[in-house]
Amino acid sequence: MRYSLCSRFCGTLLGAAVGGMLTHVSRFSLVNTEINSDVSSSTAEDFLWERLGTAVAQSLIQKEIVDVGASHSYFSSQSIPINPVKAIIAALPIALFYHDNETQLKHNLRQFVSWQDDPEIVAGVLAVGYAIALSLKEKLQVASLISSVVYFIEAPQSSLTQQLMQVKSLLEHQASLAKAVSVLGQPSSAVALAFYCFLSSLEDFQLSVKRAACQPHVSSITGALSGAYNAAPSIPINWRLALSHSTRKPLAVWGMHSEAEMLQLCDSLVAVWSGAYNQNGTFDAMAIAAPQVIRPR
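Start counting the sequence shown at 951; every next residue gets the next number (the working numbering).
Hints in this document: simulated from the structure, not taken from any laboratory. Glycine residues also receive a C-beta, built at the ideal position from the N, C-alpha and C atoms. Hints are not guaranteed to be accurate.
Cut-off 35 Å, straight-line C-alpha distance, at most; resulting in silico cross-link-like pairs (DSBU-like, lysine-lysine) [claimed, not checked]:
#1 Lys1056 to Lys1013
#2 Lys1129 to Lys1013
#3 Lys1056 to Lys1089
#4 Lys1089 to Lys1013
#5 Lys1129 to Lys1056
#6 Lys1056 to Lys1160
#7 Lys1129 to Lys1089
#8 Lys1160 to Lys1199
#9 Lys1087 to Lys1013
#10 Lys1089 to Lys1160
#11 Lys1129 to Lys1087
#12 Lys1087 to Lys1056
#13 Lys1087 to Lys1160
#14 Lys1087 to Lys1199
#15 Lys1056 to Lys1199
Ranges between beta-carbon positions, derived for each pair [what the hints assert, rightly or not]:
#16 Pro1106 to Asn1188: 15 to 25 Å
#17 Gln1054 to Gln1107: 39 to 49 Å
#18 Gln1061 to Tyr1101: 41 to 51 Å
#19 Gly1205 to Lys1013: 12 to 22 Å
#20 Asp1050 to Tyr1101: 30 to 40 Å
#21 Asp1217 to Ser1126: 25 to 35 Å
Using the sequences and the accompanying hints, generate a full structural model.
So this is what it looks like as structure tokens:
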């Protein structure tokens, strides 16, 4: 195992948060982050999707099911346009929690966006969720990933399927970023372009996310994909510090104030997934001894 499961969980959500931060700043700089923590400065759509993702994680921790009540029903009762990228970000905790069971993964991801009639949104959520699940299980193979994702989403006629096949061709021909953007630069191709940025620089989180920052919202998905594969240590420390110490508070859109809160959320999610009865339990004194030796407690 290259990285612990906990580190990959953290890498996924931190990667998405860092990618979201890059969406709002200069392509290659995170020194002066221009994300406003004031809810009124963001649209309700942009703010509530990240907050919904946090609510989904908390629901899984507390109930082991996705039950976010009014937060979720808000979207089904509103006529606001849905940003497919935001829906993917909100569904990330589901992909993490059910990564080891493909049947439950597909069922819960579909159910999460079942109120949407747009098959492209469903396909995008399934594609990213499945790729992350493969990374967590350390079964992601670059050569076969696109084909595996296309098979998993079961939507041969969807635009995303066609775009993913274009990504496969671009990678096989070692096409440049400029070429990929010319082919996949439309807003409707954000998921496919994120896969290209991730797979074209698989082992380098920083490069993947910087390349993805050329298009709005792409860096969020790329950050999640690369964070799941390369884990939390791959995220540059200055980027992580910017999440907590920037005056604009980028994590405010997630309903958090610091990186520590997100790390705790990930730790709790891993604990519940692993079967911990009480993930908040502590011991005054730990029983530690050499193996196969009887010692008094």
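Structure-based check of all given hints:
no.	hint	verdict
1	Lys1056 to Lys1013	holds, 19 Å
2	Lys1129 to Lys1013	violated, 46 Å
3	Lys1056 to Lys1089	holds, 17 Å
4	Lys1089 to Lys1013	holds, 29 Å
5	Lys1129 to Lys1056	holds, 32 Å
6	Lys1056 to Lys1160	holds, 30 Å
7	Lys1129 to Lys1089	holds, 29 Å
8	Lys1160 to Lys1199	holds, 20 Å
9	Lys1087 to Lys1013	holds, 24 Å
10	Lys1089 to Lys1160	holds, 25 Å
11	Lys1129 to Lys1087	holds, 32 Å
12	Lys1087 to Lys1056	holds, 16 Å
13	Lys1087 to Lys1160	holds, 26 Å
14	Lys1087 to Lys1199	holds, 32 Å
15	Lys1056 to Lys1199	holds, 34 Å
16	Pro1106 to Asn1188: 15 to 25 Å	violated, 43 Å
17	Gln1054 to Gln1107: 39 to 49 Å	violated, 26 Å
18	Gln1061 to Tyr1101: 41 to 51 Å	violated, 20 Å
19	Gly1205 to Lys1013: 12 to 22 Å	holds, 18 Å
20	Asp1050 to Tyr1101: 30 to 40 Å	violated, 18 Å
21	Asp1217 to Ser1126: 25 to 35 Å	violated, 40 Å
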